[in-house]
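Going down the list, the protein sequences come from chains A and B. Residues in the first sequence are numbered from 8 upward in steps of one, following our numbering. Residues in the second sequence are numbered from 25 upward in steps of one, following our numbering.
Check each hint, because a few of them may be wrong.
[Claimed, not checked] To give an idea of the interface, some chain B residues facing chain A are shown, with a C-beta separation under 8 Å as derived from the structure:
#	residue
1	M31
2	A35
3	A40
4	R43
5	G44
6	V46
7	Y52
8	A55
9	L59
10	I99
11	A101
12	K102
13	V133
14	L136
15	V137
16	R138
[Claimed, not checked] Taking lysine-lysine pairs in the DSS-like style, the calculated list, with each CA pair at most 27 Å apart, reads:
#	chain 1	residue 1	chain 2	residue 2
17	A	K72	B	K91
18	A	K28	B	K102
19	A	K72	A	K88
20	B	K33	B	K45
21	A	K72	A	K28
22	A	K28	B	K91
23	A	K88	A	K74
24	B	K102	A	K74
25	B	K33	A	K72
26	A	K74	B	K33
27	B	K45	A	K88
28	B	K91	B	K102
[What the hints assert, rightly or not] From the derived model, a few chain B residues whose C-beta atoms are all more than 10 Å from chain A:
#	residue
29	L38
30	L96
31	D131
The hints are simulated quantities; they were obtained by calculation from the structure and are not laboratory data. We treat Cβ as the ideally placed atom computed from N, Cα and C, and that holds for glycine.
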Amino acid sequence: MAKRRTKAPGKGRRVLSGGRKRVLVVLFVPGVERDGTTSIDQSRWVDSALEMFGRVFGGATAYPKAKGIWRDDERGGALVKDEPVVVHCYTTPIDIQDGRNLAELASCCRTMGREARQGEIGLVVGDEYFAIRDFGEE
Amino acid sequence: MKTQLDMDKIARGLGAERRGKVTTSGGYFGAMQLLADIEARFRVPSGGGRPTDPRWTERRLVPLAQKTLERLEEIAAKVREHGGVSVEPMQLAALLLERTTEDLNEDEVENLVRPKRRASR
Numbered sequence: 008m009a010k011r012r013t014k015a016p017g018k019g020r021r022v023l024s025g026g027r028k029r030v031l032v033v034l035f036v037p038g039v040e041r042d043g044t045t046s047i048d049q050s051r052w053v054d055s056a057l058e059m060f061g062r063v064f065g066g067a068t069a070y071p072k073a074k075g076i077w078r079d080d081e082r083g084g085a086l087v088k089d090e091p092v093v094v095h096c097y098t099t100p101i102d103i104q105d106g107r108n109l110a111e112l113a114s115c116c117r118t119m120g121r122e123a124r125q126g127e128i129g130l131v132v133g134d135e136y137f138a139i140r141d142f143g144e145e
Numbered sequence: 025m026k027t028q029l030d031m032d033k034i035a036r037g038l039g040a041e042r043r044g045k046v047t048t049s050g051g052y053f054g055a056m057q058l059l060a061d062i063e064a065r066f067r068v069p070s071g072g073g074r075p076t077d078p079r080w081t082e083r084r085l086v087p088l089a090q091k092t093l094e095r096l097e098e099i100a101a102k103v104r105e106h107g108g109v110s111v112e113p114m115q116l117a118a119l120l121l122e123r124t125t126e127d128l129n130e131d132e133v134e135n136l137v138r139p140k141r142r143a144s145r
């Protein structure tokens, strides 16, 4: 029977650099524009988010669509029905608080918010919900 | 170990507003639970939207027979398995109570609460 090799960590390499990946970052990728009826190219935005999470934080998982609804107070309380895709990414406390990483994450959210005509992009970091509403280009 | 994060720094870095605390857990069901929580608390009016959690603000102890609890557990398990909906036995009980209460009329209530007459003498 083949033995599984156990590799000793290299001297110059810190296996747990930055601590354990214990911070959950969740991004909600919408399925429709703010008007609640115009579909968006959701798979493009899911791929884009996954690529960003992979590049910046080392990986992510997109879960199958869920049905959702939210109230747009800026449009007279119109209810917007949506089928968002939930993307989960585990990262370290150091990586999520790094300014450059946050800028990349924010840029991805703003681009999606702007081009997919959203009212808000929702993001959970750890145990807190963040709303990005300003999609202006930097 | 609890993760200490500087949420203000993260909010600044993201150019985002801090909206409130949520409970997160991993996996598909964690994702769906979180989505429901966020929609209920941050995006849907307290008087409408999802028909369950936001309006269920009252909690009371409800005595019930073992047999009834077993039946509720059995139905909830079937709903979870076939319907793909995560429901607990007592959530199911609350839904049934809500629906039955809406449909009840006074005669039915009287029949339910009137003690059964014993054949005395």
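So which hints don't hold here, by number, going up? Checked against the structure, the hints that fail are numbers 10, 11, 12, 13, 14, 15, 16, 17, 18, 22, 25, 26 and 29, while the rest are satisfied.
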